[in-house]
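Protein sequences, first through last, are from chains A and B. So for the first sequence, this note's numbering puts the first residue at 111; every next one is plus one. So for the second sequence, this note's numbering puts the first residue at 10; every next one is plus one.
Since the hints were made in silico from the structure, they are not lab data. Here the structure is a predicted model, which is why all the values come from computation and not from measurement. Even for Gly, the Cβ is constructed at its ideal location relative to N, Cα and C. There's no promise every hint is true.
[What the hints assert, rightly or not] Taking lysine to any residue and the SDA-like style, the derived pairs with C-alpha atoms no more than 25 Å apart in a straight line are: (1) B/Lys158 / A/Thr404; (2) B/Lys200 / B/Phe254; (3) B/Lys116 / A/Ala400; (4) B/Lys110 / A/Thr404; (5) B/Lys180 / A/Ser422; (6) A/Lys321 / B/Ile74; (7) A/Lys416 / B/Asn39; (8) A/Lys416 / B/Phe131; (9) B/Lys82 / A/His137; (10) B/Lys200 / A/Leu405; (11) B/Lys47 / B/Pro97; (12) A/Lys321 / B/Phe34; (13) A/Lys123 / A/Thr144; (14) A/Lys134 / A/Asp119.
[To be verified] Among chain B residues calculated to face chain A with C-beta under 7 Å, some are: (15) Val95; (16) Val98; (17) Arg102; (18) Gly125; (19) Ile128; (20) Asn129; (21) Lys180; (22) Met221; (23) Gln222.
[Stated by the list, open to error] Beyond 10 Å from chain A on every Cβ pair, some chain B residues (computed): (24) Met70; (25) Trp124; (26) Asp239.
Each chain, written out:
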Amino acid sequence: MRSIFSLADKNEKTNLVKRYRVGKVWHAVFFLSTAIGLVALVTLLLSIVNQSFGLMAVEYKVDPATLANRPLEELSDTELIDILKSNVSKIRLRTLEKEKPLEQRLHDELLELVNAQVVGQRIVNTWNLYDSIFRRSEIEAEAAKDYPNARLEFRAWLNWQFLKNTMSSQAQFAGIRTALLGSLNLILYTILFALPIGIGAAIYLEEYARKDLWFNRVIQTNIDNLAGVPSIVYGILGLAIFVRALQPLTSGALFGTPAENGRTILSAGLTMALLVLPIIIINAQEAIRAVPDTLRQASYGLGATKWQTIWSHVLPYALPGILTGTILAISRAIGETAPLILVGASTYITTDPSGPFSHFTALPIQIYNWTTRAQGEFRSIAAAAIIVLMTTLLMINASAILLRNRYSKKI
Amino acid sequence: MNTDTLSQNDYAIETHALNIYYGNFLAVKNVNLRIPPKKITAIIGPSGCGKSTVLRAFNRMNDLIPSARQEGKVLFHGKNIYDPDVDPVQVRRMIGMVFQKPNPFPKSIYENVAWGARINGFSGNTDELVEQTLRQAALWDEVKDNLHKSALALSGGQQQRLCIARALAVKPEIILMDEPCSALDPIATLKIEDLMRELSSRYTIIIVTHNMQQAARASDLTAFFTMDEDRAGVMVEFGLTSQIFTRPKNKQTEDYITGRFG
């Protein structure tokens, strides 16, 4: 017996085959798009990792191995002082004592002194991770020929010292602590200003503004367009308004803790807040618009006022969506460089930011600065800084997502 | 009961020459309806005849639609609720509403009941109020162990009874129900109808329904609406349910309830 599904008609059969074929082609196209994106992403990550680890050729005035039988980091303070006393000239030692008596210096400070005054480490060349692993013998030959006094050492540019140290003119001692703290502070002020204003504007536009008035439509169109304005324009705006016009406020002069000028974290935070405001507003609006009208009606039906309805039902329901917008805003703000250059982030600063009125630097600024240096080792620390930047972003976003999921579950 | 024997102030709510517009479109024309207290009044009619619009006019829910406006009066205790000195928030506190789709707040069962009372300034024992209200809505036994669980975990019928409880918690005089059973199965529907019967001893209930059996089963009075030639909703006939369904005075009513139209 023939099944009812057996294709008796030849035409019908070829037709079906054709329909499936079209579907398969599209399936392949979509898969390819995903694959291309993935490959790009992996390449990016690998190239960064490739840069931030690898061999380097180092020359020493004094080989650290001859100073002690253990790595210098493990030596005690007195041992480090002994090394200094026996290796540094009397005159130099006296100057150092005058600056700050050796006994009062911290372990890290002493270590730095030993490295700078005694060891005199100098990096003469660096290689990336791939070459270091697969072309090791060639590198060894090259190093032996070109740098007879140098030693080959493997170095992870991304290490604890890198996170802990402040800026330095030598790549091997440079760290991103100031930049990392600067970026975190910046994000804090950005969100502090942008979130309340953004949510407020979104509530006004969605719940209060009459959409049939031309005035409100103009506002809406402008906000939508502002999201696409190049960030450098916001930088110019921030420079003119926050750094210059509002200098008494942003330099802290009004509050009695004056910086010399308005190039402070506060100015940068306000500029960034302007930059991410459209993103937060648009996402919050979407979230508020997605609140089912039946919920509002239920609330009004019980004799709730407009504000009670918004506060108790609309906002809690929209909160996960608003948080999504905040995540996007943070991601944008943490990577922005152009506006920071304009509002005057410092590129060489060694003091941690101490409040809204301190001068600052940020991770992208530091990365940009390092990539413009001629020496290869600065490219390596730039790559290491990129890893730190991305990890920071990932951690901030992960906590926001956790918060959002916890909240969605409660609903 | 003869509705005409009630004196002016005895009606729960009444409309005088009520016209409702959406923009320039006249949606409901010249409705004169006098609804007696502590009875179940059903509003029936074909789709688009303005039943829900009239119902929503009773507690000024149409105010939420920017293009809606009305002419005429809706009297509640002799006072036109559309007078400029009347606050719609107060109107809705006294005239509660249950909607077509169960729409509990995405909060706990307890919060669903307590919230309305709290925002209206309730300062007594909330636990007591919640229990008493849930008992009134015939839901207490089913949820008493899960009061702090999400209301969204309840079944559709339970959710709708919770919505009724929520409306009862603010102590209204009238409860408006806009097709409360249209999203429910027959068993849940019967439970709601039983509940309505129970509640009608203390509250005036006005229900819009598509389901004529429901109107016939559950209501004391029935108003039949239809559309005139301009597609404006008009009230054709209003009377005791028993009379409307057995001896309709109007030909259109008869056509509708016998299934020849609508």
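Now for the hints, and whether the structure bears them out:
no.: 1; hint: B/Lys158 / A/Thr404; verdict: 21 Å, holds
no.: 2; hint: B/Lys200 / B/Phe254; verdict: 23 Å, holds
no.: 3; hint: B/Lys116 / A/Ala400; verdict: 18 Å, holds
no.: 4; hint: B/Lys110 / A/Thr404; verdict: 8 Å, holds
no.: 5; hint: B/Lys180 / A/Ser422; verdict: 20 Å, holds
no.: 6; hint: A/Lys321 / B/Ile74; verdict: 12 Å, holds
no.: 7; hint: A/Lys416 / B/Asn39; verdict: 31 Å, violated
no.: 8; hint: A/Lys416 / B/Phe131; verdict: 19 Å, holds
no.: 9; hint: B/Lys82 / A/His137; verdict: 62 Å, violated
no.: 10; hint: B/Lys200 / A/Leu405; verdict: 24 Å, holds
no.: 11; hint: B/Lys47 / B/Pro97; verdict: 23 Å, holds
no.: 12; hint: A/Lys321 / B/Phe34; verdict: 20 Å, holds
no.: 13; hint: A/Lys123 / A/Thr144; verdict: 32 Å, violated
no.: 14; hint: A/Lys134 / A/Asp119; verdict: 23 Å, holds
no.: 15; hint: Val95; verdict: 13 Å, violated
no.: 16; hint: Val98; verdict: 5 Å, holds
no.: 17; hint: Arg102; verdict: 3 Å, holds
no.: 18; hint: Gly125; verdict: 4 Å, holds
no.: 19; hint: Ile128; verdict: 5 Å, holds
no.: 20; hint: Asn129; verdict: 6 Å, holds
no.: 21; hint: Lys180; verdict: 10 Å, violated
no.: 22; hint: Met221; verdict: 25 Å, violated
no.: 23; hint: Gln222; verdict: 26 Å, violated
no.: 24; hint: Met70; verdict: 7 Å, violated
no.: 25; hint: Trp124; verdict: 7 Å, violated
no.: 26; hint: Asp239; verdict: 25 Å, holds
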